[in-house]
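Asker: In case you want the letters, here they are:
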Amino acid sequence: MLSSIPEFPSSSIAPAGSAENADTALRTEDLSLWYGARQALDRVDLAIPARRITALIGPSGCGKSSLLRCLNRLNDEIAECRVDGRVLIGDTDAYAKDTLVHDLRRRIGMVFQRPNPFPLSIHDNVAYGLRLLGIRHRRELDERIEAALKSATLWDEVAARLDDSAFSLSLGQQQRLVIARALAVEPEILMLDEPASALDPVSTLRFEELLHELAQRYTLLLVTHNMQQAARVSDFTAFMHQGCLIEFGDTDALFTNPRERRTEDFITGRYG
Amino acid sequence: MLGNPATCESLLSPDFVRAAARSRLRRGRLRALLVNTGTAIALTGLLAIPLFLLGSLLPWTGFPATIWHRFDMLLAGTLRAAACAVLVAVPLGIATAMFTAHFCAPRLRAWIKPALEILEAVPTVVLGLIAAATLAPWLKTHVATVLALIVAVPAVLLAAGFAFGSRVRGEGWLPLWLLPLLIAGAAVGVAIAAHRPSAAIVPASPWNAMLVGLALGLAALPLVFSIAEDALFLVPRVQTQAAFALGATRWQALTSVLLPAAGSGLVAAALLGLSRCLGETMIVLMASGNTPIAGFDPLVGLRSISADLALGMPETAPTSEAYRSLLLAALALLVLTVLLGSIADFVRERLRRRLHADGHA
Chain B
0 MLSSIPEFPS SSIAPAGSAE NADTALRTED LSLWYGARQA LDRVDLAIPA
50 RRITALIGPS GCGKSSLLRC LNRLNDEIAE CRVDGRVLIG DTDAYAKDTL
100 VHDLRRRIGM VFQRPNPFPL SIHDNVAYGL RLLGIRHRRE LDERIEAALK
150 SATLWDEVAA RLDDSAFSLS LGQQQRLVIA RALAVEPEIL MLDEPASALD
200 PVSTLRFEEL LHELAQRYTL LLVTHNMQQA ARVSDFTAFM HQGCLIEFGD
250 TDALFTNPRE RRTEDFITGR YG
Chain S
0 MLGNPATCES LLSPDFVRAA ARSRLRRGRL RALLVNTGTA IALTGLLAIP
50 LFLLGSLLPW TGFPATIWHR FDMLLAGTLR AAACAVLVAV PLGIATAMFT
100 AHFCAPRLRA WIKPALEILE AVPTVVLGLI AAATLAPWLK THVATVLALI
150 VAVPAVLLAA GFAFGSRVRG EGWLPLWLLP LLIAGAAVGV AIAAHRPSAA
200 IVPASPWNAM LVGLALGLAA LPLVFSIAED ALFLVPRVQT QAAFALGATR
250 WQALTSVLLP AAGSGLVAAA LLGLSRCLGE TMIVLMASGN TPIAGFDPLV
300 GLRSISADLA LGMPETAPTS EAYRSLLLAA LALLVLTVLL GSIADFVRER
350 LRRRLHADGH A
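Going line by line, the protein sequences match chains B and S. The numbering of the first sequence is numbering that gives the first Met the number 0, which starts it at 0 and goes up by one. The numbering of the second sequence is numbering that gives the first Met the number 0, which starts it at 0 and goes up by one.
So that you can see chain B by itself, here it is in the shape it has in the complex (with noise of 0.2 Å):
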């Protein structure tokens, strides 16, 4: 799916840096989006590139998380939300008439910040997005849940007691349930939303190997306040501020040698 992406000309900021022929997975022109009359997002113009990680950070408020809702159109829900401009999901525009939202949000994984697992058995959690898909075959059903919960590093621990409540795993554990579950209808994109904001230090470094694992092979788009995190686990970053995209580029480059002064005052800890 992936490797027939047509090449966009196009005015997007792709990363500057080594990446400059990598594939991209989603793409962002022009995008505006406005909650009432306060505007959150400012024509940010953003290529990310697929299967690698990219980190969003930026001081709060200043339009990371809205950005993530608008790229799935969770921000449908919110009343009086407006858009502006394109998203490109692979070649489909997210916000074309034709485009199903469901299916949209399908091929868009979504990790929020506090693990939110249903209050369902383990294995139900997983088999939500598959029975949604209409998958009721119980072999079939198996097979996939245990793949997911093994990309997702779970399967292990959780093997012999899949029929337990999702609640009787630690944060840690709920928060890899949950990407299994998303990993589970097989995403093209995954998003996580500040996902180890809620985890402890230890939980929080086997959560970042598991997403350099997950990098092999999903597009991943990780919003984070932690700038270490941010330097630690992904290729590049964007830097973002009152709902602009002031800086996107090479993780490494973007950290020691920032193009822009308030990308600069930001990761020296000077506001934020």
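Honestly, the hints are just simulated from the structure, not real lab data. All C-beta atoms, glycine included, are put in the ideal place defined by N, C-alpha and C. Incorrect hints may have been included.
[As the list claims (entries may be wrong)] From the structure, some residues in chain S lie toward chain B, with a derived Cβ separation under 8 Å:
no., residue
1, Pro105
2, Ala241
3, Phe243
4, Ala244
5, Leu245
6, Gly246
7, Ala247
8, Thr248
9, Gln251
[Stated by the list, open to error] A few chain B residues that face chain S, going by a derived Cβ cut-off under 8 Å, partial list only:
no., residue
10, His101
11, Arg105
12, Arg113
13, Asn115
14, Arg180
15, Ala181
16, Val184
Fit chain S to the given chain B structure using the hints.
Answerer: Relative to the frame of chain B, chain S by itself:
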């Protein structure tokens, strides 16, 4: 900086602080006493009702068969009226709640909820008047029309949905579009029926259980709606968001997340609606014809416990057998409504605790 006692003393001397603390304690105790007394009085009132009824009934150990016969008739009437009303109130109330909590455009929701709460505030005597004076004579010749409309209107809407549903945008406003359609459809149906008065189903009396069901159902609708809506709206947003993010359609999110989570709240809504219908007096009094007929035919009149109490109490001597039968009926009504209310409360409380635990697990 704290080492200068002189400045501290000049603001708050130890004596002053101690005295102020004591007086605050005293005032607090006094107010707590008032609050506690108020609660105690309320609880006494609550206990007094069943105690009074039991105390009045106790001197009589046995009841003659006539009392039981009469009681059975009244209970059957009450249940028949309530069943008809619940058939109207529960499906409509829960459907409206599902729409308002999950499909509705937020601006419309801000308008629907207060509107239905106003319906709740309409005095039941007004609903009873409309039912008895206007609806009853019409319904007498149009039972078949009503039944036909109940089948035809949803069928037409479903057909329209299959034909044009995919082209509808802005489903959050859909009921407003359907409203004129619905009114037009009903008007056409009524007009057709007016030309050919159907003699297919003729009720024995213009005041019957069906009429009571329509009016009482309308009266109980806001209660069912508001409890069901609260239950659905209480489901944590993160759960619905997770469903949406996994590719659930709006309907799938409703059936797979909201309904299982809020299911017991919906049961509670139905039970409280039933309880309300059992106790309601004015509508039943005005629209039921007050005819003492037992049985389960919705097209004949009925007499309910509540209506019997309201009518019978002023004209019975406190020592007579009729008086005892009234007390027995009152006690039964009390037990029934308290029981239903308690079950509903238990179910709701369990739901609240479970949702709360899940949200913060």
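Asker: The structure should be examined with respect to each hint, and the outcome stated for every one.
Answerer: Taking the hints in turn, this is what the structure says about them:
For S:Pro105, the interface hint holds, the least distance from its beta-carbon to any beta-carbon of chain B being 4 Å, beneath 8 Å. With its C-beta approaching chain B no nearer than about 5 Å, S:Ala241 sits inside the 8 Å limit, and its interface hint holds. This hint holds: S:Phe243 has a C-beta 6 Å from the nearest C-beta of chain B, less than the 8 Å allowed. Residue-level restraint check for S:Ala244 holds (minimum Cβ-Cβ distance to chain B is 4 Å; threshold 8 Å).
Annotation: S:Leu245 was flagged as interfacial toward chain B, and the flag holds, the nearest CB pair being 4 Å apart, inside 8 Å. Annotation: S:Gly246 was flagged as interfacial toward chain B, and the flag holds, the nearest CB pair being 3 Å apart, inside 8 Å. With a least beta-carbon distance of about 5 Å to chain B, the hint placing S:Ala247 at the interface is held under the 8 Å criterion. The closest approach between the C-beta of S:Thr248 and any C-beta of chain B is roughly 5 Å, which is under the 8 Å cut-off, so the hint is satisfied.
With a cut of 8 Å, the hint placing S:Gln251 at the interface with chain B holds, because the nearest CB-to-CB distance is about 6 Å. Nearest Cβ of chain S to the Cβ of B:His101: about 5 Å, under the 8 Å cut. The hint holds. For B:Arg105, the interface hint holds, since its Cβ comes within 8 Å of a Cβ in chain S; the closest pair sits about 3 Å apart. With a cut of 8 Å, the hint placing B:Arg113 at the interface with chain S holds, because the nearest CB-to-CB distance is about 7 Å.
Interface restraint check for B:Asn115: the shortest CB-CB distance to chain S comes to about 4 Å, inside 8 Å, so the restraint holds. Given hint, B:Arg180 at the interface with chain S, holds; its Cβ is 7 Å from that chain's nearest Cβ, closer than 8 Å. Contact between B:Ala181 and chain S, as hinted, is supported at the beta carbon level, the nearest pair being about 7 Å apart and thus within 8 Å. Taking 8 Å as the C-beta cut-off, the interface hint given for B:Val184 holds, the closest approach to chain S being about 6 Å.
Violated hints are absent here; each numbered hint is respected by the structure.
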